[in-house]
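Visitor: Protein sequences, first through last, are from chains E and F.
Here our numbering = 1-based position in the first sequence + 2.
Here our numbering = 1-based position in the second sequence + 2.
Bear in mind the hints are in silico, worked out from the structure with no lab data behind them.
Where is the CB? At the ideal position from N, CA and C, for every residue including glycine.
Heads up, some of the hints might be wrong.
[Said to hold, decoys possible] To give an idea of the interface, some chain E residues facing chain F are shown, with a C-beta separation under 7 Å as derived from the structure:
no., residue
1, D56
2, D58
3, F59
4, A83
5, G85
6, K86
7, S165
8, I210
9, L212
Number of protein chains: 2
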Amino acid sequence: MQKIVPNISVDCVIFGFDFKQLNVLLVERKLQDEKTGETLIDDWTLTGYHIFEDEDFDTAAARILKGLSGLDNIYLEQFYAFGKVSRVDSPKDNIWLKHQHEGFSSRIVTVGYYSLIDNSTVTLQLQERNVKWFSITDLPELGFDHQEILNKALEKLRSKLRSEPIGFELLPEKFTLSQLQKLYEAILGTTYDRRNFRKKVLQMKYIIPLNEKQKAVKHKPAQLFIFSRDVYERTKRERFDFSI
Amino acid sequence: MQKIVPNISVDCVIFGFDFKQLNVLLVERKLQDEKTGETLIDDWTLTGYHIFEDEDFDTAAARILKGLSGLDNIYLEQFYAFGKVSRVDSPKDNIWLKHQHEGFSSRIVTVGYYSLIDNSTVTLQLQERNVKWFSITDLPELGFDHQEILNKALEKLRSKLRSEPIGFELLPEKFTLSQLQKLYEAILGTTYDRRNFRKKVLQMKYIIPLNEKQKAVKHKPAQLFIFSRDVYERTKRERFDFSI
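Just need the whole structure built from these sequences, with the hints factored in.
Guide: Written as structure tokens, this is what we have:
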């Protein structure tokens, strides 16, 4: 059996978009007193655990996510390391850590990873513990400093969505401007005026209108668009330098 | 004396701009065999060391930078954690670590911090070890995985300069467009066509032309500009959302 590093862990913030809202993947942390049956802990955490002695951060993140949720081949990106001295010091955290493993350090630093996936296309393989998607606007109580880690990940995700075309990976190849607007609104937690949004998007050379409309929809079919990564890359320098 | 954490360090990548080029602050790593006088190690590293048991990452970074260079009150931003299993495993790194402290772990992870300062305005207070600015286009051999850490920091700095107005903090309040161009060219490691650069900048509402020219210069005095953070913040949302 591989030895864990007692004072270093990774935590994965898996954001899932389901075309309606932004969700996050959490694991239940539940513990009852073996004698009295009293509930000692009943909250949720991010998917995380300690790294192994012979394992780098990226490998650990992928292994831990897979072990807790069954999710495999998810692109994970490191976003921040959390090192506050008292980050796992609450009484509940103490009980949990002792219950899990006697060898854990009393001070643990963690490296945060995040990802954005279409959570309607993946299946969670439930393991020993309960794993669930929660809307980020309706979260349960989180253990450790995981609310802080989640907030930081959300900040990074939003900043990335504003500066890189990561949103298109969640849309069908041909999409409507309403779908695009919905995606940005859900992730950025805001609303846009429909007309201004369309005006802005239509200026982007890499979002290309097709001579094609939606089919088999109940409402009036809307025009379809595609995202051209090719045009995006070609015009990148021109747009990015001094997009201050 | 405070106890160090044997397997966790921080490293600071201090970028300095001197109105000509982009520099980075390095510490000499020199070691001679006490008996034979033979040079065992003669290279450079970033300013870094281990964190204390009761110290968070931010505090450690500021303390270590001050201890090695005398630099105080520098805004440091965490940018990445480095955890490759063999990152401090070279023979030279092994000798150095043993020489420095018997208690170090053989596997050390490090949290990277970076900063961009006007290095012409700060004075290095040389401590026990030699500390110097090096042009990033003319670097000496670096110990550990510090070349990799430096490359990552540079990538983050460039990305930040392209999406936030961090450059203006290095310019005088009133600056010329040539000075602004020089700054972007030095940091991004590129050159711009003067006319295109001016055209692009003049579209930015938050770079405001003054009815004022340079004084006491040998060449034809150029027009002066100021950066308005106020206008920048006011027009931020409009610009940032979907600057994809």
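Visitor: Hint by hint, say whether it matches the structure.
Guide: Right, here's what the structure says about each hint:
1. Against a cut-off of 7 Å between C-beta atoms, the interface hint on D56/E holds, since the closest Cβ of chain F lies about 6 Å away.
2. Hint on D58/E holds. Least Cβ distance to chain F is approximately 5 Å, under the 7 Å limit.
3. For the restraint placing F59/E at the interface with chain F, the shortest Cβ-Cβ distance is roughly 4 Å, inside the 7 Å limit, so the hint holds.
4. Because the closest C-beta pair between A83/E and chain F is about 4 Å apart, less than 7 Å, the hint holds.
5. Proximity of G85/E to chain F holds as hinted, the smallest CB-CB distance being about 4 Å (cut-off 7 Å).
6. Hint status for K86/E relative to chain F: holds, with the closest Cβ pair at about 5 Å, below 7 Å.
7. Checking S165/E against chain F by beta carbon gives a least distance of about 5 Å; that is within 7 Å, so the hint holds.
8. Using the Cβ-Cβ criterion of 7 Å, the hint placing I210/E at the interface with chain F is not satisfied: the shortest such distance is roughly 14 Å.
9. Restraint check, L212/E versus chain F: the minimum CB separation of about 19 Å is more than 7 Å; hint violated.
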